[in-house]
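Chemist: Okay, here's what each chain looks like letter by letter:
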Amino acid sequence: MSSADTTMAAPEGEGFRLRWADLAPFIALAVIVVIGALINSNFMAANNLLNVITRTAFIAIIGVGATFVIATGGLDLSIGSMLAFVVGIMIMSMNAMAPALGVWAIPAGAVVALIVGSLCGLLNGVIITVGKIEPFIVTLGTMGIFRAFITWMTDGGSLSIDNSLRGAYRPVYFGSLFGIPYPVVITIVVALIGAFVLYRTKYGRRVTAVGSNADVARFSGVHVGRVRTMAFVIQGFCVAVAAICYVPRLGAATPTTGQLWELQVITAVVIGGTLLRGGKAHIWGTVAGALILEVIANVMVLSDMVSEYLVAAVQGAIIIIAMLAHRFTSAR
Amino acid sequence: MMLARTDMAGATLTPEPPVLRAEGLSKAYGSITVLSDVSLDIRRGEIHAIIGENGAGKSTLMKLLSGHAAPTGGGMAMGGEPVAFADAVRAEEAGIILVHQEILLAADLTVAQNLFLGRELTRGLAVDDRAMNRRTAEVLARVGSTARPTTRVGDLPLAQRQLVQIARALLDDRKVVILDEPTAMLANDEVDALLGIARSLRDQGVSILYISHRLDEVEALADRVTVLRDGRMIGTWDAAELDQRQMAELMVGRELSDLYPAKRPPATAEPVLTVTDLSVDHGRVEGSFEVRPGEVLGIGGMIGAGRTELIEGLLGLRPSQAGSVTLNGRTIPRLDVGAMMAAGLVYLTEDRKGKGLLLNEGLGPNLVLQALNLINPGIRLNRRKETGALKTAVDEYDIRVRSLSVEAGQLSGGNQQKLLLAKVMQADPAVVIIDEPTRGIDIGNKSQIYHFIDDLVRSGKACIVFSSELPELVGLSDRVLVMRSGRFVAELTGEDITEQNVVYAAASSGRGGEGRTQR
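Respectively, the protein sequence lines represent chains Y and W.
Each step along the first sequence adds one to the number in my numbering, with nothing skipped, and position 113 is 113.
Each step along the second sequence adds one to the number in my numbering, with nothing skipped, and position 213 is 213.
Heads up, some of the hints might be wrong.
[To be verified] In silico DMTMM-like pairs for lysine to aspartate or glutamate, Cα to Cα no more than 20 angstroms straight-line: (1) 132(Y) x 41(W); (2) 446(W) x 350(W); (3) 175(W) x 93(W); (4) 280(Y) x 407(W); (5) 175(W) x 81(W); (6) 446(W) x 351(W); (7) 175(W) x 41(W); (8) 63(W) x 181(W); (9) 353(W) x 215(Y).
[Unchecked claim] Per the computed footprint, the stretches of chain W lying under chain Y, defined by three or more beta-carbons under 8 angstroms from a beta-carbon of chain Y, are: (10) 350-360; (11) 373-384.
The set of hints was computed from the structure by calculation and includes no laboratory data.
Model, not experiment: these values are computed from the prediction.
Think of the CB as a built atom: it goes at the ideal place given N, C-alpha and C, for glycine as much as any other residue.
Whole structure, please, built from the sequences with the hints as guidance.
Modeler: Here it is in structure tokens:
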């Protein structure tokens, strides 16, 4: 027992191991918030902050799913188009059910959205694992397919929610629970569930094992294909949850709904500390990453120093800086 | 002594200086000496075989001679002039080239493009494909290849790729060509063709250093034979003076120490695992075998004999099918890792870092990965049980760690191996298959692992050990099956388990192997 005794001297890493690298996205977020407060006093106004956080919900919710996909070593480019497609299907099915079900068409439409979203994810996953094709290629293809479908469904214009449902559905985006907007509540719930699945279940353990080294996982009897496919299904489910929050915001789907969101989501996941090659996943880092993107955009809009047309450029620079910082801190 | 063949070539009767001479070559990495004081002469137009067990220092010697590594002692001379190569390119310029065992060609380029890779012929700014194709065709003809210069290398069969690789080495005039296990991947008729090419090169005045495990090839091909053992030179003989059996004895020549636990009484229980007519990689590897509780079944054979393929096929990790597999009294319907594991068979891979452990993960997650379902009946992870299992394993398998929260990649090789052994034992298997139990680990950890294996077999489990280290195979096994070219060629038991017998069966022709076991 001599060797084991000496091991106990070090602090035990039970579940919650704090490392500086894991804290980086939260520190970066804090720094940006401080800068925002210094630049413009309106930034810290409760109204503004709640607005920013609420807008973050979509990227954060989809990001939780993307964290799973990326942790298994995959990548999903189709999420922006998938969101638009699911929003479109949801609006069409609610409008169709409204005469018969009244406001109950809303939960029914939500169920349809969750099923369709999960099936879209399943489609991606099955093509990738059974067809043995790179996730990048497959989701590039489905990205085009989903985008074309929503353009076709809206006939190039817009697809609006039935007026009879508008009032009842509105609070899901604009309402709040004890002062916390519903989208924020939903984000927290999704992230909590995501963190539980990833860190506390066997499935989560297999996700990191597959992303870390698929061969080791296969030799240990893990069904690598199933784990990967399931990650895409989780991704699709999260997209559907985001769609449910999105519909009441504008009440319509258009061919540009969710356009380029995939880039924002992947950026949020990566600056949140999840490795793009898989293996290490940080759900809360992803949420912080989504917040960083949205807060920076907000600070830029509030300040007059930089044109808001350059928001995307700053966000693009951030992902590169985050990666360089990671390279230099891990190369010690 | 002068070789008869040199006389017939009629060059001269006064001994000309050797093409290449090594004088007291040594190589050490840090404090570990892998080759010490090796001296040999390579004559013009001879085939000089270098034989020795795995780890005897053959590859190191080849690297030194071909400039891939610098010696830490001794020197070389070519044609009587001292030489030292800064790198492999300098050695190639001097006329010495090493043809690697693995195929190192770009699959998507044509044969000619591969041959001239990095030294393309140009006319002005453009590459001169026509000239390169013409030169390539000449060289291919010289090695007897039927490939066309414009064929994509990826479309060629393995044997042709091997020839392309040799052709590449011959593009410029060479004095010494070193062939490192050129036949390891080839089928029998392809081997014969390759031996013919080696002879024709010799007759063209090229000296060939031929590294091989296959003693029958060496006997048929070589003019002289140099034997290495444990990094030392045992001697150089005229090939005519040695038969395969003598070569095997020269290669081994070592006694067993008490590194190994005492052998167990013969196992009499009914077999716990019976495999009949297993066929892997579409028949490239085939065999039937069984193992009983309380015995260590050793499976021996040279690298490339098909040992790893056999087991990966049994586990369904390669294309395979079997007549029948019975494990623990149950018939296994489908070859699949998960199903095998559930029925009580686990596999400890030889590729510790690539297929065994998640190097960036903690010790606990690694330990329980294979037995996740056993340790966690529900969907939730039971962290307390996981930590408990880790503490027990660290204790039981004497895994030396600074802290329980380090990552697996931070452990030494020996401790990684113990962690891997602990990992596969988590599932409480009936049969444990261990591929290369002690590869790359030091002698102290080796001995511990041998005793762990002894313990688990004495507790009624069955163990199958694959090893290319002969002393290990002989020291551990109660019964040995020897493989060669994808088939079982001999079964040794009791007193017959000796290094000489294993080497003889593994390296000589199939018929010779049969003969030995029937003795």
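Chemist: Compare the structure with each hint and give your call.
Modeler: We went through each hint and held it up to the structure:
no. : hint            : result
1   : 132(Y) x 41(W)  : 53 angstroms, violated
2   : 446(W) x 350(W) : 14 angstroms, holds
3   : 175(W) x 93(W)  : 10 angstroms, holds
4   : 280(Y) x 407(W) : 13 angstroms, holds
5   : 175(W) x 81(W)  : 14 angstroms, holds
6   : 446(W) x 351(W) : 16 angstroms, holds
7   : 175(W) x 41(W)  : 13 angstroms, holds
8   : 63(W) x 181(W)  : 14 angstroms, holds
9   : 353(W) x 215(Y) : 10 angstroms, holds
10  : 350-360         : holds (count 8)
11  : 373-384         : holds (count 6)
Against the hints set out earlier in the document, a violation occurs for number 1 only.
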